[in-house]
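**Q** Please construct the entire structure, taking both the sequences and the accompanying hints into account.
So the sequence lines, in the order shown, correspond to chains Z and L.
Each residue of the first sequence is one higher than the one before, counting from 1 in this note's numbering.
Each residue of the second sequence is one higher than the one before, counting from 1 in this note's numbering.
Hints are not guaranteed to be accurate.
[Said to hold, decoys possible] DSS-like, lysine-lysine: derived pairs with alpha carbons at most 27 Å apart: (1) L:K771 with Z:K122; (2) L:K830 with L:K782; (3) L:K200 with Z:K140; (4) L:K795 with L:K366; (5) L:K36 with L:K87; (6) Z:K74 with Z:K140; (7) L:K738 with L:K649; (8) Z:K122 with Z:K90; (9) L:K196 with Z:K140; (10) Z:K156 with Z:K186; (11) Z:K186 with L:K200; (12) L:K795 with L:K782; (13) Z:K186 with L:K798; (14) L:K33 with Z:K140; (15) L:K638 with Z:K117; (16) L:K245 with Z:K156; (17) L:K15 with Z:K140; (18) L:K87 with L:K100; (19) L:K36 with Z:K122; (20) L:K15 with Z:K122; (21) L:K562 with L:K550; (22) L:K358 with L:K798; (23) L:K574 with L:K245; (24) L:K440 with L:K87; (25) L:K738 with L:K782; (26) Z:K122 with Z:K95.
[Stated by the list, open to error] In silico negatives: residues of chain Z with every beta carbon more than 12 Å from chain L: (27) G104; (28) E129; (29) N159; (30) D181.
FYI, nobody ran anything at the bench for these hints, they're computed from the structure.
A quick note: this is a predicted structure, and the numbers were derived from the prediction, not measured.
All C-beta atoms in this analysis are idealised placements derived from N, C-alpha and C, irrespective of residue type, glycine included.
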Amino acid sequence: MTRYAMVMDQRRCIGCQSCTVACRTWNELPMDIIYNPVVSEGVLGEFPEVHQTFTPLICMHCDNPPCTICCPCKASQQDEDGIVWVDETKCMGCKVCVNSCPYGARDVNHDEGFVRKCTFCKDRVREGEQPYCVATCHQKARIFGDLDDPESDVSKLVNRLVTERFFEELGTDPQVYYIPDLGGVK
Amino acid sequence: MSETVDIHAPDVEVKKSCCYFCHQNCGVLAYVKDGKVIKIEGDPTHPTNQGGLCCRGNIALLHLDHPARINHPLKRTGAKGENKWEKIPWDVAIAEIAEKLNQIKAESGAEAVATAGGTLRTDDWSRRRFMNMFGSPNGFHNALLCWIPTFMMETAVGGWSPFETDLATSRCVILWGFNPGSSAMPGMRGYSDLRKAGLKIIVVDPRYSETAAHADLWLPLRPGSDTALALAMIWVIIYEGHHDKEFVENWCTGFEELEDHIFEYNPEWAAEQTWLDPELIRQAARMYAQNTPGNIQWGCTADQLGKTAGAGMHARAILRALTGNLDRPGGDLMPGPSMYYVTDEELEGNDWLPEEQKAKQIGSDKFKLTSWPGYQRIADVSREVWGKAPTAEWMCEAHGPSVFKAILTGDPYQIRAMIISATNPVNSYGDAKMVLEALKQLEFLVVCEYWMTPAALYADYVMPIAGALERPIVHNNYGVTDSLITSQRAIQPLYERHTDYNFWRDLALATGQDPDQWPWETLEEAFYYVIYSFNSSGYQFSSYDEFVEKYRMFYPPLHYYKYGNNGFATPSRKVELKSSILEELGYPSLPTWIGPAENEVDDPEVAAEYPLVLTTGGGFMPYHHSEQFNIESVRFLKSDPYFTINPKKAAELGIKEGDWCWIETRRGRIRQRANVEPSVDTRVIYCQRGWWYPERQEDTGAEPFGCLESNVNVLTSVDDEHCDPIGGSWANRGLLCKVYKVSYWDETDTSYSIPGSASEPGVSVPPSEQKLAYEPIPYDPKPTFEVPEGLTWDKDTKLAWDIERGLAYDPNSGWLYHPETLIYYDLVTKYAYDPETETLIDEATGQRYSMETREPIGEGEAVKTTAAEAVAAEELAAKEAAAAEAAAEAVIITPTDIERGEQS
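**A** As structure tokens, this is what we get:
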């Protein structure tokens, strides 16, 4: 089985937002839709003992995605390899999934009347390439691959290093893992 | 992949293009279908970016056909700055521009035409070639703020700038005012990888930058005080004995003088200037000196310190040498000029520019290292040792701010015309108000641009220029390294756009320059000429595009310790810690402290009114200089300008996050919004540079497109006394300022005037009366030998002369010699030495004398008397032949060269 997942290495992310721009140009998104913003609490501490961490966000492609369960027209769906996507021909733009997603990973395309979201660039991935945000990251702070393959970079990182996931307590089982800035070996 | 575009379709071509939005030139794969670029992505096989692309790189397609791009030549129809244009054909525009330039040249001399360039966005060897043949020495870039003074200083001290860091086996690197985290993305990845593998990283930056966050040691110094830090680090290394004694002993001159000179610059002294703990300075010096091999990465801070810059660059050059890091594995490599391909300098044709025109270069009487006097000296030595000279474009230019002053004052002479290519001087040169005024007053202005910028608005002609995807690009670090990376054009230029090379070529031909000297119709042909010699070293290609597709890059075999062969390319062939070239040019030969342009120690009165220290130089994502502000997909990330202020200081001044504030120096004020963050010291203000508002296209008044409103260069000064007398750079860092909130009442003020002390744009003191930060030190070399009686010491040639007969004294042999015939003469009797018969001849009478006794020999033998003359005649003939040969070589492009290029 293949289970696609992404690792965000916060030790390497410098907050350049290249992924934000790259994703939007590659996927030709309208100006009001961002699939992967990079957020930060800013510089914390007291000069010169300061620190800053950047957190790139993206659809978590959960193993238990609330957005597919709630979809009344089965447009929001998950493939066997874990990729959650919206079939635009079926979507009627009811926005239930937008509200159900705890990660705010879905946007409405107001011009066309359906919901859009990150697809892990499934067309690229199934051609054997990396999602575009991963390919474009100069810092190699994004790592993508098959979590079920013990030889893949993602599975090595997730199994060896301390990683965090967002809102695990909600039971969504998100498949984007964060290596914290001051993390370490398990 | 986008749903609408299939990049894998059979009719889609993949072109190996590259990004052109900063110096990195990351590789880009452009997918082209039916002559249109349908998609781009980072090239995973490119050595620089390995597939990565930043915000700027990713918007190449949006840049290519952006609705605001200039697509046709525009001729001004209204008044200057009125933004009224008519589209005219390219050839017509070129012909009209050429006619005007020729008219100005005939009336006022070629030097009345100046050109300004941008930063590696063009092939400026072609501009230099045009200017040299046209006869004007007044081309310039913003080079003085960007590494060029450092390059020239390091070349003067060590024979070439050791800028290529051999990081893979290095143990410690200093990133000095260099923030790859926002200006060199691919580099930052490398540092993260290497640090994980054990590389020590020292970051010198007043701000907690993306790079400082990844440092082993961060030195948050007072902006502008870098020179003091460098001097104190030398002190620690020398007095704690961390220097590489063997290297210093064998390969450096002036160490003892340096040791004495540096004595007063101890860490405690530097602590006052830099605000750093003396222990931290010691720790940094030890970390750098004990972890060899190590590097100091190039960064532009040293160039942007104003009057203190020269000493700082010199001190850093000394640090590299003291630690023995020069040209060794893991150290700072000195690539030297390329012996494998035609260098930029060889394409520039500097021999065409007559000596009397070189002497007219504006600023060359003041800032000598980076103009003809210093460049000529360095280039001569460089040719002797390396065989080729550094690029003259960038390294040997007119002083930009002085050219703008000359437009306003006619001092030293009137600049009547200017061609600006790929730069917006209003935002990128110091004293923006003055620059804007100069552009308004200029008689004739041509701007080569992508966009309608504040500078282009005042042009008589605006010429549309091809961008990254529309042109081939050769990346070779300003032409001063021995490797290169090539890229091809994805498509031919759209609309009536041309490459800047074609602009200069067309203009050259229209002004009447010899077409034989411009044999290449396209850039590909020119680049093929540059690289065709690779064909003889195992590469096989018959066109530039073929080289790009098959090989893409050229890296010659890496050689360390090259100085072991011919020595360092300095007059003494050693690293001159005490620089003889600086001494000859009239500068301190050892790095001597002089405070930053404005500082609280030297100018307490200024500091009382302007208590905060300003830094304006740092680059920040997603912009590069003053570019990309008009591309919505980038602009949304940072839509307003922000300055950074420490929360404690902000609270004291009643400033909250996001408040619009004035930042004011003695020169003017600008507004930016507050970013309240503890990333800077409470005494420091960090401003974002480059800001203008291209969206205000209707705003074409006195201050078009809001170009002064948030522009940090309103705050900087280019007065001669604030510039570095050595390299001419002005201060972007370490200026004194104050900050206060924008109030309701001053919303309507012109943004740049200061209430109560409004200063009008312009130049108050004529340039010729402006003082330098320090007076030149008269260069008066004393003879190193005893001058025999009757001879005269000449300091220019450093020789003793028998003036009457034009003979020079050779202190080694104790004989006189004629500098041209090289015949030796007896010091006392002035008889010539004849090596054939080993006798002396009195040239006047033909009488021979014995070498031993100086007694006459036999009767004057008429045949042999002429022996010395025969030698002389022979020498002369040989000299003439050599001169003729040299003259033949001076014509760089001969028809045979071209044929050879096409055949091979």
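**Q** All the hints need checking, so say for each whether the structure fits it.
**A** Checked hints:
| no. | hint | in the structure |
| --- | --- | --- |
| 1 | L:K771 with Z:K122 | violated, 66 Å |
| 2 | L:K830 with L:K782 | holds, 25 Å |
| 3 | L:K200 with Z:K140 | holds, 20 Å |
| 4 | L:K795 with L:K366 | holds, 21 Å |
| 5 | L:K36 with L:K87 | holds, 24 Å |
| 6 | Z:K74 with Z:K140 | violated, 35 Å |
| 7 | L:K738 with L:K649 | holds, 11 Å |
| 8 | Z:K122 with Z:K90 | holds, 18 Å |
| 9 | L:K196 with Z:K140 | holds, 14 Å |
| 10 | Z:K156 with Z:K186 | holds, 12 Å |
| 11 | Z:K186 with L:K200 | holds, 25 Å |
| 12 | L:K795 with L:K782 | holds, 7 Å |
| 13 | Z:K186 with L:K798 | violated, 71 Å |
| 14 | L:K33 with Z:K140 | violated, 30 Å |
| 15 | L:K638 with Z:K117 | holds, 24 Å |
| 16 | L:K245 with Z:K156 | violated, 47 Å |
| 17 | L:K15 with Z:K140 | holds, 24 Å |
| 18 | L:K87 with L:K100 | holds, 19 Å |
| 19 | L:K36 with Z:K122 | holds, 25 Å |
| 20 | L:K15 with Z:K122 | holds, 24 Å |
| 21 | L:K562 with L:K550 | violated, 30 Å |
| 22 | L:K358 with L:K798 | holds, 24 Å |
| 23 | L:K574 with L:K245 | holds, 15 Å |
| 24 | L:K440 with L:K87 | holds, 22 Å |
| 25 | L:K738 with L:K782 | violated, 50 Å |
| 26 | Z:K122 with Z:K95 | holds, 22 Å |
| 27 | G104 | holds, 18 Å |
| 28 | E129 | violated, 8 Å |
| 29 | N159 | holds, 19 Å |
| 30 | D181 | violated, 9 Å |
Hint check: violations occur at hints 1, 6, 13, 14, 16, 21, 25, 28, 30; the rest are consistent with the structure.
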